[in-house]
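Asker: Listed below, chain by chain, are the residues.
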Amino acid sequence: MSEGFLSSEWLRLILGLLIVLGFSQLNALFLVWLERKVAGHIQLRPGPMEVGPHGLLQTIMDGIKLIGKELILPLQADKKLFFVAPVLVFMPVLVGFLVLPFGPNMVIHEMNVGVLLIFAFSTFTVLAILAGGWASNNKYALLGAVRSVAQNIAYEIPLLLAVMSVVIMVNSLSFSDIVNAQRTVWFIFLQPVAGLIYLISATAETNRAPFDIPEAESELVAGFHTEYSGMGFGLFFLAEYTNMFIVSAVATSLFFGGWNGPFGISLGIPGVFWFLFKTYVLIFVIMWVRWTFPRIRFDQLMNFSWKVMIPVSLANLVVTAIVLKLI
Amino acid sequence: MSYLKDIYYGGLSLVEGMAVTFRRLFRPLVTVQYPRKKIPLFSAFRGHTELKIFEDTGTHKCIACGQCEKVCPSNVIQVQGKKEQPKGPKVGTHYVIDFSKCSLCGLCIEICPTDTLQFSKEYQLVGVTQSDCVIDLMARLARQVEEKKTQAIAA
Amino acid sequence: MKVQEIERVILEKLPDTIFKRDETGKTGSSWSAVVAASGIRDAAKAFETSGFFLEDIMALDFQDTFELVYHFNCYEPGSRVVVRVLFGHDQVPPSICDIFRGAGWLEREVHDFFGISFSGNPDLRPLLLPEDADYHPLRKDFGKVSAYRKREDIYG
Amino acid sequence: MAERQIASPASQKIYSLNLGPQHPSTHGVLRILLDLDGEFIVKADPVIGYGHRGHEKMGENRIYKQFLPNTSRMDYLSGMIFNHGFALAVEKLIGIEVPERAKYIRVIASELNRISSHLLWFGTYLMDLGGFTPFLYAFDDREHILDILDSVSGSRLTYSYCRFGGVCRDVDAAFIDMTRAFLKRMAGRWADYDNLVTKNIIFINRTRDVGIIDRELSRQYGVTGPNLRACGIGYDVRKAEPYEVYDRFDFEVPTGSKGDALDRYDVRFKEMQQSCRIIDQALDHLPGGPYLSKVPQKLVPPKGEVYFAFESARGLTAYYLVSDGSTSPYRCHIRVPSFGNLNVLNEVLPETMVADAISILGSIDVVIPEIDR
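Chains as they are written, first to last, in our numbering: chain X, 1 to 327; chain E, 1 to 155; chain H, 1 to 156; chain F, 1 to 373.
For the record, the hints were derived by calculation from the structure and aren't laboratory data.
Among the hints, a few may not be true.
Cross-link-like lysine to aspartate or glutamate pairs, in silico, DMTMM-like; alpha carbons within 20 Å at most [as the list claims (entries may be wrong)]: (1) H:K144 x F:E56; (2) H:K26 x F:D324; (3) E:K38 x F:D147; (4) F:K57 x H:E67; (5) H:K26 x F:E244; (6) F:K258 x F:E347.
Please read these numbers as outputs of a predicted model, since none were measured by experiment.
Chain X extracted, bound-state conformation:
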């Protein structure tokens, strides 16, 4: 027993879990701060400045405030579902961390179907949103939840098709294999269309502007989390940012070479820093997009997915397959 417990696989899992728990929380808090700073500077204002140096501790204070707040249960809400939903939205996000390749040999659990696992679990998010929106007994929340389901189904398809084109190039569903295949040339140069489609769909998957129609502040007040207060809202909030990290990290692994430096030049910097650097740059781009564009209308969003994204990604997949066969 003790031998099994101390075996490297177990140790790795438990250590990894602890690190993931700590990292995901800190990372989410940092991202909230970063978002506010990016938004601020784009809008010619400094963002949070008062708590800590350059407001670094602001989000921690916000978190404490949220924990201290009352959880309000709306009248006639489905109590169980209402409280389960925020937990449900956070859990699949944590699972994603299990298979992310932070660096060579820095995977918590090496899996030969890592890509599949992440996308399988990321679908859970929409379930949680639907549950939360439904349980709130609020028409705005319900509208947001319904929108979210439609949107996620529409964007899952191009997302997976884009990922497919990478997978058939490597012939593996393991992250490490995919990253290793990009040692010299990143897949974004070989698969620019798939990369772009992945980024757009991923933004939509995470409900970020300009695809934030499930929460659509000016239309649906706060969408599916209209009725959430305190840490219920906090968990939705943290999940959004952790989700953003996951999709950016996946994009880094699939298209931007993971822990590899550009064109095989690593400059002596450890792979994990390359990985994190690229991930944060992608996150910055997602934030930058959010603070630039207005929101897309619901039907246009669906049209864009079914009429542009899916045909283009399908065509891309076919072309990739043909080219691979010819080579």
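Based on the hints, put chains E, H and F in the right spot on chain X.
Answerer: Below, chains E, H and F alone, put in the same frame as chain X:
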């Protein structure tokens, strides 16, 4: 063809928009961190009204004629005065405004026959009760006169 | 000019209309007409067909009469037309909300403030006042009033 | 398990949604009762009156001078223009001469106010559409206008700057410099706004063919201002019945063609540029002399009435004053443009989506306290 064209020009317009926001990232900020930094007020600034201190008399020139009281659209002002000598002119002794009702239109200042009213430069007006908005201008004037005196002594 | 045209049309339909031209432009309207309460629908129809829009409806409360003031205008310089309707405090003028669709709300507002009901307006719920308001604040017998006059005191 | 009711029962396809009065994008306190079929609106019923303060009754109980501060509180976004209009109405009623310099100052102040109102509309409209950043850019620009107006009137929103017979404070060289600097600044801003918003494909898709108010509908509901001009009718009170000194300036009345939200956006945008032109010309020809004519303290207008129409930022606005020869008006009525502009929603909203409803409501630019009065 137009399908691809639409996608291309649509995408281009998005990139142009992102260029605008990216440039702004490096522009100087316009925010003034308020309690630490303050913007100077314009000379025309309208705070609540106050009584002017005239250099020649060292005090106000209110004659309690009540014209400001009458012209005020929202009954903000209460003035009382008394005659110091039996045949002499009236002098204002009591001037209270209820700032919560004031709309800062300036009619009282324009109508004042002795020009003894002016807008103050007071803008940090915080109170927790409604009565905090009631300002006794005579007491305020007395304070200001006192301050002036101590300043003069210090100088 | 649409104004001359409308004058002719209205005179055809309502021969006893009293016209007053304002050449000086002192009142802000180029001419005004007094129409009987029963004739306002005909007048409004004439305005509608000749391309005018309804700028405003408002009411005046006098001791001896109510006065409804309709402002019509078309998109040409200096063509504002005022149509006045005089009727007693107990009378009910006809609604023109089926001729000008925007008139419905204007009539509701007048109903709010003066208690004038328009016959034929299906929706006279209070617009600006609370839903349960049963008072009419712009009537001269409501609240603080400086004067309650007869119409000839002002218009001679 | 307890019985739950979320939407209306399944047998009923249509459910109602209460949009407002506390909703992020209902601009003030507007409430719209929407009957929805899915996301589509079946029936819309705007409910107004939450901000009713009885300005018309107040007008009857106050002397003319005392009503001045009220005027800028109706449409608080173009308070200067409302001030200006009321001063003009009373001057016309009594027959007060206004010095040339005051006329030019008033025009400059009104046009600055018009730009600031349109800028605020631009910002909030983009916010309604989900774009947060243009809002702050617009407010950055608007801040400069508020500074200019603050430097001359002492207030930033409710100015009470105009007086019968002029304005209450003369402008100085600093004001002229600030205004010139602002015009120069704005000249460089249009391209940025174009790149960020006007050309943006998402924005165009959100506004093109959305909420079409055509000529017939505008006429039926008495829609005026930029909303009317967007459907191709170049009716502007500043051109049709020139008041003050507007007939001396060279400016155009921009018009659209279809009357959809994009046209309304375009018209307002071009209007800001035209206002800049007017200000530029007015500054060039700003005469010297007094800024306030001698007016008796006690104003007693003759018996009679005046209907004074002027163009506020939202359209044709008019003061209707009936004087009975005493110091306060017998009747004081204000024709507000937003009234007609909002009324038309009854017909425009059905068969659009909730997201479009927000877009339409934003694009017609209503100020609810102006309607409520």
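Asker: Against each hint, give a clear statement of whether it holds in the structure.
Answerer: Structure-based check of each hint:
1. H:K144 x F:E56: OK: H:K144 and F:E56 at ~13 Å, within 20 Å.
2. H:K26 x F:D324: 16 Å, holds
3. E:K38 x F:D147: Satisfied, since the Cα-Cα distance of roughly 14 Å is no more than 20 Å.
4. F:K57 x H:E67: 17 Å, holds
5. H:K26 x F:E244: 14 Å, holds
6. F:K258 x F:E347: Satisfied, since the Cα-Cα distance of roughly 16 Å is no more than 20 Å.
Of the numbered hints given earlier, the model fails none.
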